[in-house]
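Chain by chain, the residues run as shown.
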Amino acid sequence: MSLLIGALTIGLILSLLALGVFISFRIFEFPDITADGSSTLGAAVAAALIVNGSNPALATAAGFAAGFVAGSVTGVLAAKFKINGLLSGILVMTGLYSVNLHIMGRSNVPLFSSITLSTYAQGAGAKFLGGSEPLNILGWEVSVLDASTLVLVFLSIALVGAGLYWFFQTNLGTAMRATGDNSQMIRALGVSDENMIILGLAVSNGLIGLAGAFLAQYQGFADVQMGIGMVVWGLASVIIGEALVGSRSLGLMIVGAVMGSVLFRLLVAIALRLGLNPNDLKLITAAFVFVALVLPGMVNRLKSRTIGHSRA
Amino acid sequence: MLEIRQVRKVFHRGTPNEVRALQGVDLATKGESFVVVIGTNGSGKTTLLNAVAGTIIVDSGSIFLDGNDITRWPEHRRAKLIGRVFQNPFSGTAPHMTIAENLALAICRGRGRGLGWALSKGSLSAFRDRVRQLNMGLENRLDGPIGTLSGGQRQALTLLMATCLRPQLLLLDEHTAALDPKSAEQVIELTAQIVQREKLNTLMVTHSMRHAVNLGNRLIMMNHGEIIQDFQGAEKRRLRVDDLMIRFDEVRRAEQLDESAAQMLELLYV
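So the sequences go chain by chain: A and B. Residue numbers in the first sequence follow this note's numbering, run continuously in steps of one, and reach 617 at the last position. Residue numbers in the second sequence follow this note's numbering, run continuously in steps of one, and reach 1004 at the last position.
Calculated directly from the structure, the hints in this document are not laboratory data. Yeah, the Cβ is synthetic: ideal placement off N, Cα and C, and Gly gets one too. Be aware that a few hints might be false.
Derived CB-CB ranges, DEER-like [said to hold, decoys possible]:
| # | chain 1 | residue 1 | chain 2 | residue 2 | range |
| --- | --- | --- | --- | --- | --- |
| 1 | B | Thr749 | A | Ser412 | 44 to 54 Å |
| 2 | B | Arg754 | A | Arg606 | 42 to 52 Å |
| 3 | A | Lys387 | B | Asp914 | 29 to 39 Å |
| 4 | B | Lys855 | A | Ala467 | 13 to 23 Å |
Calculated lysine-lysine pairs in the DSSO-like style (CA-CA distance at most 27 Å, straight line) [to be verified]:
| # | chain 1 | residue 1 | chain 2 | residue 2 |
| --- | --- | --- | --- | --- |
| 5 | B | Lys855 | B | Lys916 |
| 6 | B | Lys764 | B | Lys916 |
| 7 | A | Lys385 | B | Lys814 |
| 8 | B | Lys933 | B | Lys970 |
| 9 | B | Lys814 | B | Lys855 |
| 10 | B | Lys933 | A | Lys387 |
Covered stretches of chain A (in silico footprint by chain B; criterion: 3 or more residues with CB under 8 Å from a CB of chain B, positions within the stretch not fixed) [claimed, not checked]:
| # | region |
| --- | --- |
| 11 | 474-481 |
| 12 | 490-499 |
Given only the sequences and the hints, what does the whole structure look like? Please build it.
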């Protein structure tokens, strides 16, 4: 049961990453791989502040702000200096590695003995339940810490998802979506597509930094290597989400990205339980994204070929 | 009020592919003037339109619109004053967004965009009324994505979007060239209607001699980046397609003469 709850919690935390990747890859069609650096940045900033005794909620918000700044740097490189989008992300990501080491002061910052959002959640949970006895859910024993962390994470993600849904229906958010859809048109309607890309990547990486900040507090440490492969992970979640709910409306796509992230994490947890070597995880994730990108086109080609044959 | 003074633009300067797209163009139009621009391929008419729109920044000369020197303004800043319809029907609308969302983007042209809802009940019914005027049955499809519409429908909507907030200048860049004949007529009719009703200062590039003759109250002909003919007032009203064809023929012959003369000189002296 704790495996299931753990997978759910991490899946929900990483759905922030999926939402960030959704904004850059799907709304702007911008292959932004800053995520590998900005997720670690969010974790590093939050961890460094928490270790120094800051309020964990404030530290988490700082993780968002740090990611926001990192994303806007990538946006400026790509939009103002006209550097290829992929390269802009690589430059910022590479630079962030050093920045993260400086922020943490070493390659790993443990948070086990610090007050984090999990501590807050546990306290609130204990107060709400009137004690810290393990809960009994459907015959499984669940600790108050696990249950209340899951609830806190779920509430946070619901809030962020609703906020994004609202934002993309405002005048500003609509202009942002139109920038990804047809930049020539949005310029002709008086919007600087450059500024939209900068702001969009900032929001995207802000969410990814937030994911990093949550993740560091959940797993109890921030590590300079923790961001490796995050883009591909987020992309896999987005693709699974699209397979689950389609891409008909904005609300569905946001819900889909969250569901995709949770489902992907559950599948990974099950695979690890069944004896998958953790070292193979990134290879399998990459292979999965490759297949998911290529398969639809191949299926369509096969279909049209068989139709062609039956006609002939 | 648009004023273009001695505008020049060279593409690929200093290379064998150097193109002198605009070679000192002067043009002044007052409000309510509907100027049709014609010319052969490569005559610079689209470049002229792009120079006014800000898609390209000119090498020298200046452009004034509505009392502002817009020569160095970026494209999106000029959009505050200018409405545009492109040649490609896919250029003027966002395909994955709904008709209503596209219109909501258009009514904010050139204004700050904040965190207010883009769509409200009131704006939806206003959009429905506007779209109904197109007589294309689109008023019941406001929530459908624009990408599913035909080229003619998209071009009509783009025209509506370019003019729903009254522009100081309307730029039409061969906006019916990519449409089938029936849709092209529909869009031209709509163009004439809107320009007349809103009394818009308009600059329209076209390849169709018939549209050039039938529309507008002024016609300019371009060749090699220069305005070579300017028909206004009664002269424009009297103009027929044949007159234009004759004029084009003259231009062509003069060029052939130039070329053969150059060849002759080359043979004699080189």
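Against the earlier hints, flag every one the structure doesn't satisfy and list their numbers going up.
Structure breaks hints 5, 6, 10.
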